[in-house]
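Chemist: Given next are the chains, with one letter for each unit.
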Amino acid sequence: MKLIESAQELLEQLWIATEEEAKPGLTVNGTTPEAIDELMRLGLAAREEEQITLTSAGLPEAAQAVRRHRLAERLLADVLATEEGLLEEQACRLEHALFDGVDESICTLLGHPRFCPHGKRIPLGQCCRQKRESVERLIAPLHELQPGQAGHIAYIQMNSPRRLQKLMAMGVLPGVSITLLRRSPSFVFEAGYSQFAVDEEIAADIYVRLAHD
Amino acid sequence: MRIPFLEHKLDIPRIADSNCHAQPQPDTTGLALVAIVGCPNVGKSVLFNALTGTYVTVSNYPGTTVEVSRGKGWLGEAQIGVVDTPGMYRLLPLTEEERVAREILLRERPDVVVHVADTKSLERMLPMTLQLIEAGLPVILNLNLMDEAERLGVQVDVPALEQALGVPVVGTALALGQGTPQLKEKVAAYLNGHPSARLSDSSHKMAEADYPPLLEEALEAIETRLEGNGAYQITNRAIALLLLQGDAEVTSLVREQSEDELADEILHLAESAQARFSRPISYIVARRQQESARRILESALKLPEHRVSGFAEQLSKAMINPLTGVPILLVSLFLLYQFVGVLGAQTLVGFLEETIFGAYINPWIDRVLAELIPWPVVRELFGGPYGVITLGVRYAVALILPIVGTFFLAFSIFEDSGYLPRLAMLIDRVFKRIGLNGRAVIPMVLGFGCGTMATIVTRTLETRRERLISTLLLALAVPCSAQLGVMLALLASRPALLAIWAAIVAGVFVLVGFLAAQLTPGEHPTFYMELPSLRLPTLSNVLVKTYTRMEWYFREIFPLFILASVIIWLGQLTGLFELALSALVPLVRWIGLPDEAAVAFLFGFFRRDYGAAGLYDLRAAMNGAQLLVATTSITLFLPCIAQFSVTIKERGWKTALAISAFIFPFAFLVGGLLSRLLTLLGMGR
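Protein sequence lines, in the order shown, are assigned to chains A and B.
Per the working numbering, the first sequence runs over residues 1 to 213.
Per the working numbering, the second sequence runs over residues 214 to 898.
In isolation and in its complexed conformation, chain A is listed as follows (with noise of 0.2 Å):
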């Protein structure tokens, strides 16, 4: 569904307010209202007075906006090495090219990223349901690669501060070459010439951007 883009952010932030901060809404002052309009006339959102609500019908289409979002930050953070700063600006305006299947491309290229470069996290969408793998897959997480499998850390995911602080100190950091060497009974991979063994949840915090012979 195509919004007008005051539509589009109005919607996310519905879904922030509603998801993430457990409000039951946000009020009008400082809102749009173009852009309450079109959400009510598409019934995402309804108004009672001074209150917008989402709907059942726009939670869904509200998660995906959010998604986009998203995805278009880690892309630009991660893949296009986006300036700090510019990132929020360039992601609002990149989401809005993510339609028609693009956004499950993406994702699955990022090798359907779970969290922002923020740290929040990232809606689910229905490749991520499938693990789809259609696409060539640029990144994957650590523990998603099978023993021999080669590549550079593309990215930390930075939902877990303690787990960044511990990776960093190690010098796992983004650009290391990183091999896996075993999944189990936990996960050993090399990093330029020091190997380390972790367990899944710090291996699934480790993106890494494949080599592709």
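Hints are computed from structural coordinates only; laboratory data are not their basis.
Mixed in with the good hints there might be a few duds.
To be verified - Rough simulated footprint, nothing fancy, chain A against chain B, three-plus residues with beta-carbon under 8 Å:
#, stretch
1, 299-308
2, 495-504
3, 640-651
Glycine residues also receive a C-beta, built at the ideal position from the N, C-alpha and C atoms.
Following the hints, put chain B in place on chain A, whose structure we already have.
Modeler: Frame of chain A, contents of chain B only:
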């Protein structure tokens, strides 16, 4: 106080016993100070020993439990002070150890900082060199483990690296003594202010990481405000960078050093910069520094096209593959048993107990006492069955010394070879079930040597929950080597009983661990560990470690042996023991043992192995079933006084008492159930 098994391996921090009172520090004031820094496991302590030789003390860093070695040494004509810092990965501290290491750099004005690095992993280690240079510290980069790097075909162009970094670089294989004189020369030249020693500052440009424009802006803004305000040991740029990364200590340092208003302004600048980045600034900084390191190494470091896979690499592969790793583990355990259980606990103990003490010392002591001391009560204190010398010293020297000594020797070999992290990796999934992670394998293995030491080592586990569970399991179901020695002697002639005993204790370990994991709230453990290269342990290192461990053991545990003897003497003198014994008798009867076994349990309060040894004397009076019940209950029984007091220190009174309150009835409960089960199965006889 040194607990040497915590040293550089396994990236475990070195920790001192918290009951350690301040030891005299060698006074290094007035001497040129050399600080040794670097990651764990790169050979810092070898360099420390090479620089100091003798006169070394190890003591707690003020206000912490992290230990720092200090010493004096000679470089040519000049005396120097040397400080060996705990392992640190970077200047921005994450752990207590790193905090102490940086504290030394920030506060003690070292005249030279030697950064020891593992040559083959230079890509990973160079960012810290860059941080040290950025901080304006007088750095010498020591590329150690050159021999290993050469074997793997890793080549470093030392002059090019010197040129790029603008600091002296020396390649060494310190453990083999290679390059040590050259390194000493460079340090001496640096200290003497020899012009060629300090390379030109112009080349430093290359070593500087460049940060994103937004960050540079913030850095400059803070730097200008720091200018002329306060004196820091490191450059204003480094201070600004640490501030931006949200370093709490540097923040308070800035508050200390500047006027309130200025400090507010500076901290506000840092905060607003942080807000402008979506990712932690520490992450951005780490990436940039790593990129600089890689740029520098592009020309200076040559990695081989193909990875060399020698015997060490093949063996490592076999160790981490469960198919071959489990057999290797079993073979290792068998060798350990042969060495500690047979050679230590049987051959050596037999010789010392029966020949040295039994035939010579004890009769001699009793004779001398009989001649010199007319009062039997005092005589009993020193001689007789429970005397300080005839029991306390005899146990310490004849029983503990050989068993614990052989165990520590074997443990040092395992540790130095790099096997333990591989074992941790192998066992992680099993340990997760009991609320621990693979890392806990180190205290657990050590617990088979000495539960007291192992309880101290649980400090290195990350979460409170893991420390609690491992302390409980160490107290309950991990028999120490002294106790094991007696158990093995007791059950050696009946392998079936030995197997059942081992199965029950292992079952209790897993079951209680599993239940404790279900019941204890807290964060779930995560496992990460570096697997260092396998290395052939050097004899001198193994001997030094074993010696220092033994020394610790005797300093900490030996007094408690004596104390236990005195308490037993007092208890008998005052009749308190009789009272306690009569209280224990019903319990002992309930688990189907002869009344005399109560003595063994009472002694078990003082040391678990006393208890086991008490059973040893009773073995003729018990049938197989009783023997099994008795050994099982004594194994699970309360830990010794030393372990109990360490548990109090490490986990607090409440936890220590709660653990004891659980173990006491539990040990008897298991014994009672086992006894009834055996009777039911018709094996009561």
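Chemist: Now tell me, hint by hint, if it's right for this structure.
Modeler: Checked hints:
Counting residues of the stretch 299-308 of chain B whose CB lies closer than 8 Å to any CB of chain A gives 3, so the stated coverage by that chain holds, three being the minimum. Beta-carbon proximity to chain A at under 8 Å applies to 7 residues in the stretch 495-504 of chain B; the threshold of 3 is reached and the given coverage holds. Only residues whose beta carbon comes within less than 8 Å of a beta carbon in chain A count, and the stretch 640-651 of chain B has 6; three or more means the coverage holds.
Checked against the numbered hints above, the structure breaks none of them.
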